[in-house]
Every structure is written in C-alpha cells, then in structure tokens.
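S.K.: What follows is the residue order along each chain.
There are 2 protein chains.
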Amino acid sequence: MKVEIGNQGVPSEMEDGEPEVVDKPCYSPVSAAAAAVWPAREGGEELFVPPLNFAMVDNGVFRSGFPDLANFCFLQTLKLRSVLCLCPEPYPEANTEFLRSNGIRLFQFGIDGAKEPFVNIPDDTVREALKVVLDVRNHPLLIHCKRGKHRTGCLVGCLRKLQRWCLSSVFDEYQRFAAAKARVSDQRFMELFDISSLKHLPISFSCSNTS
Amino acid sequence: MKVEIGNQGVPSEMEDGEPEVVDKPCYSPVSAAAAAVWPAREGGEELFVPPLNFAMVDNGVFRSGFPDLANFCFLQTLKLRSVLCLCPEPYPEANTEFLRSNGIRLFQFGIDGAKEPFVNIPDDTVREALKVVLDVRNHPLLIHCKRGKHRTGCLVGCLRKLQRWCLSSVFDEYQRFAAAKARVSDQRFMELFDISSLKHLPISFSCSNTS
Numbered sequence: 001m002k003v004e005i006g007n008q009g010v011p012s013e014m015e016d017g018e019p020e021v022v023d024k025p026c027y028s029p030v031s032a033a034a035a036a037v038w039p040a041r042e043g044g045e046e047l048f049v050p051p052l053n054f055a056m057v058d059n060g061v062f063r064s065g066f067p068d069l070a071n072f073c074f075l076q077t078l079k080l081r082s083v084l085c086l087c088p089e090p091y092p093e094a095n096t097e098f099l100r101s102n103g104i105r106l107f108q109f110g111i112d113g114a115k116e117p118f119v120n121i122p123d124d125t126v127r128e129a130l131k132v133v134l135d136v137r138n139h140p141l142l143i144h145c146k147r148g149k150h151r152t153g154c155l156v157g158c159l160r161k162l163q164r165w166c167l168s169s170v171f172d173e174y175q176r177f178a179a180a181k182a183r184v185s186d187q188r189f190m191e192l193f194d195i196s197s198l199k200h201l202p203i204s205f206s207c208s209n210t211s
Numbered sequence: 001m002k003v004e005i006g007n008q009g010v011p012s013e014m015e016d017g018e019p020e021v022v023d024k025p026c027y028s029p030v031s032a033a034a035a036a037v038w039p040a041r042e043g044g045e046e047l048f049v050p051p052l053n054f055a056m057v058d059n060g061v062f063r064s065g066f067p068d069l070a071n072f073c074f075l076q077t078l079k080l081r082s083v084l085c086l087c088p089e090p091y092p093e094a095n096t097e098f099l100r101s102n103g104i105r106l107f108q109f110g111i112d113g114a115k116e117p118f119v120n121i122p123d124d125t126v127r128e129a130l131k132v133v134l135d136v137r138n139h140p141l142l143i144h145c146k147r148g149k150h151r152t153g154c155l156v157g158c159l160r161k162l163q164r165w166c167l168s169s170v171f172d173e174y175q176r177f178a179a180a181k182a183r184v185s186d187q188r189f190m191e192l193f194d195i196s197s198l199k200h201l202p203i204s205f206s207c208s209n210t211s
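Protein chains in written order, with the UniProt record's numbering: chain A, 1 to 211; chain B, 1 to 211.
The set of hints was computed from the structure by calculation and includes no laboratory data.
Treat the hints loosely; a few may be bogus.
Copies of the same chain are indistinguishable here, so a pair counts whether it falls within one copy or spans any two.
Distance condition first, Cα-Cα at most 27 Å in a straight line; then the derived BS3-like pairs of lysine-lysine [to be verified]:
#1 K161 with K146
#2 K199 with K131
#3 K131 with K79
#4 K161 with K131
Please put together the full structure from these sequences, using the hints given.
M.R.: Shown next, in the form of structure tokens:
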C-alpha cells in the first residue's frame with residue numbers, strides 16, 4: 001500500500017507537471033550581487049557546492065542541511081522530484097522559488113529543533129514523513145532540516161530500522177553526521193521507534209532486499 | 001572511452017557468470033561457531049550488519065571499511081557486481097569465497113596504508129582505480145580499504161573532483177568518515193590530484209550531470 005500524498009505537505013500546483021526548462025543561471029537570482037558570487041568557479045569552470053552534510057541515503061533518497069542559494073546549481077543535477085523539510089518555519093522565498101521553477105514538490109513536516117533536554121520528537125510526524133520517503137513516486141527526494149544532523153538523522157535512522165540495519169550501525173551513521181553534537185535522546189528515539197505499522201509498505205531500495 | 005578491465009585486478013573465472021544461487025546461510029560459513037553467531041537477530045528477525053563506515057557514494061557505488069563475515073548477508077542485498085579493494089595484502093580466504101559464490105569480481109589496487117608522515121599515495125594507482133569506479137559495467141561496486149577512511153576517502157574525494165564538487169565539500173565528506181583520524185596529507189593529495197586525463201570518461205552518476 002502506498003501512502004496518499006495528496007493531503008499532506010505543502011500543496012503544489014505542479015504535482016504532475018514537467019520541470020520547467022530554466023536557462024542560466026540555474027537558480028532564480030535573488031540579487032545581482034548573489035548572482036555574481038554563485039556558482040563557484042575555478043579556472044573558469046563551474047564548481048558545485050553540495051549543501052552542508054549532503055549525502056546519498058539510498059537509491060533516490062538524499063539528505064542534507066538547509067540548502068541555500070549556493071547549493072541550487074548542485075541540487076539541479078540531482079533532478080529532484082521532492083524535497084522533505086523537517087523544519088517548522090515557513091520555507092524561505094528563494095527556496096520556494098527554486099522548487100517552483102524546477103517543478104519540485106515540497107513536503108513539510110515541522111519538528112521543533114529544540115535542544116536537549118527539551119527534545120520531543122513526535123512519533124507520528126516521523127511516521128508520516130517516512131511514508132513520503134518510502135513512496136518511490138516522490139523520488140528522487142531530498143530530506144533536510146537545518147543542519148542535517150538531528151531531525152534528518154532520526155528520520156534516516158528510522159528508515160534504516162525498516163531496512164533491518166542493526167542498531168549499532170544505525171547509531172554509527174547517525175554519529176557520522178551529528179559528530180560532536182550527537183544526542184543520546186535522538187538515539188533513544190530511534191531505538192524505541194516502532195516500525196511495525198510501516199512494515200507492510202514496499203521498500204524498493206538497494207539496501208533493503210528482505211527476501 | 002571505457003577503460004579495459006580485463007587486464008587489471010584479480011582475474012576471475014566468473015567474469016560474465018550469473019551469481020550462484022546460495023541457500024541459507026547467505027555466506028560461506030567458515031566455521032560452525034561463526035555460523036551460529038551471524039546473521040544478527042532481534043525478536044527472531046534477521047538484522048543486517050553493514051561494514052564499518054558503510055555509505056552510498058552515488059548510484060551504483062558504495063564505500064566501506066574491510067567487510068568481514070558479519071557483513072556478508074548485508075552485502076548480498078546490494079547485489080554487487082564488483083569489489084574494489086585498496087589494500088595490498090592478499091584478500092582473505094573467507095572474503096574471496098564470498099565473492100566467488102556470489103559472482104562478484106575483485107579489483108585490487110594495493111596502496112600502502114602507512115601513517116603520516118610517511119604517507120605516499122600513488123597517483124597512477126588512484127587514477128586506474130577511478131577508471132574502474134567510473135565504468136558502469138562494474139556497478140554496483142563497493143570500494144573498501146581497511147577502515148574506509150583514508151585510502152577510500154582519497155579515492156572518493158578524487159571522484160568528487162571529477163563530479164566538480166568544490167574542494168571544501170570534498171574535504172567535508174572526507175572528514176565525516178576520517179573524523180579524528182583526518183590527515184592533512186590526504187587532503188593535499190586530493191587537492192593536487194590532476195583529473196584532466198580522466199575528464200573524457202563518461203560519468204553517469206546522479207550528482208554529476210555536467211550539462
């Protein structure tokens with residue numbers, strides 16, 4: 001069973017539309033000054049700037065910190081169909097415009113980025129976000145929060161549990177991104193997260209062949 | 001132009017063969033004791049144990065530390081066609097047997113794992129290894145060394161340069177895996193590595209659309 005994606009996230013009028021063809025520059029320049037700075041160049045050649053903490057999670061699924069103007073050219077190379085944002089704040093105008101002009105759908109599952117000991121990650125929100133991640137119709141998809149450490153790390157960790165990774169490997173991956181900011185509370189959340197209600201969903205990732 | 005893969009690495013008699021169908025256990029048990037330990041189980045369900053520092057680099061390309069018996073079940077889910085080992089030592093018998101019984105080809109490009117200040121990464125070896133990584137006929141492919149930090153980190157870093165990542169993002173990814181063991185000498189190697197002779201090779205990764 002696939003999750004119904006029509007009634008969550010931010011509605012998009014381009015749900016089934018083709019990505020718009022955009023000439024250079026690849027982003028919507030917010031200001032002439034910004035346009036002069038990006039994309040980065042070396043020896044006359046354009047260089048890509050992936051977002052903070054960018055990585056590939058599995059086929060069609062990426063993770064990162066909050067993308068900004070500097071990252072838009074790089075993000076275009078991923079040919080994203082969706083972005084899943086875990087921050088509760090309104091999505092910045094420049095990002096919204098980038099998504100719009102590239103036909104990328106935004107799913108927003110706001111989780112408060114509170115610090116320990118006040119962390120309270122809502123189980124249900126992570127579960128709904130996971131359904132979006134698991135739905136291949138949303139791929140290629142980029143998961144991001146602010147720094148790509150805690151909220152993104154927890155969501156990816158729950159995905160790994162669904163892929164039947166042992167907990168020490170889940171934590172190892174979480175810590176690689178969180179580094180000095182790793183939280184015991186996040187790891188406890190992942191450990192206790194109940195995947196049983198999601199097990200019926202098809203997982204077609206490379207690392208999840210359960211046969 | 002594609003690299004000729006017939007004259008490098010370790011010859012395999014199964015180059016074009018289909019992976020053998022293997023009943024449980026998924027690995028070739030080296031001993032009954034080991035077979036009783038792996039795969040890990042929780043609540044009667046088999047759990048996967050990815051190798052140390054395992055991650056997806058791009059479509060069809062993975063990286064990790066040296067896989068052992070505990071990781072073989074997980075590795076099977078990746079449906080690997082090749083393994084690229086960067087250690088000079090003879091490949092362990094259990095690993096060779098795992099590759100053989102799964103129809104996986106081994107490419108070995110031995111680079112000495114010396115510690116600073118004696119690090120000397122051979123440019124040519126990395127260049128030849130990169131050709132193997134870029135050849136989609138070898139995908140899905142796992143790059144590994146001992147810990148998945150230095151040699152693997154340098155090779156992936158050179159791949160990122162080919163994908164036109166800016167150097168700070170290349171270093172950021174390298175450091176995520178090397179953590180406290182990050183080496184200035186490795187980063188200097190990646191910075192100075194000349195990709196010009198490889199630019200003519202087709203790169204079909206998701207993050208490398210250069211058009």
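S.K.: Does each hint hold? Answer for all of them.
M.R.: Hints, one by one, checked against the model:
With identical chains, the CA atoms of K161 and K146 are at most 27 Å apart both within one copy (23 Å) and between copies (26 Å). In the homo-oligomer, the alpha carbons of K199 and K131 lie at most 27 Å apart inside one protomer (11 Å), although the nearest pairing across protomers, at 40 Å, exceeds that limit. In this homomeric assembly, K131 and K79 come within 27 Å of each other (Cα to Cα) both inside a single copy, at 21 Å, and across copies, at 25 Å. For a Cα distance limit of 27 Å, the shortest separation of K161 from K131 inside one copy, 14 Å, qualifies, whereas the shortest one across copies, 34 Å, does not.
When the structure is compared with the earlier hints, no violation turns up for any of them.
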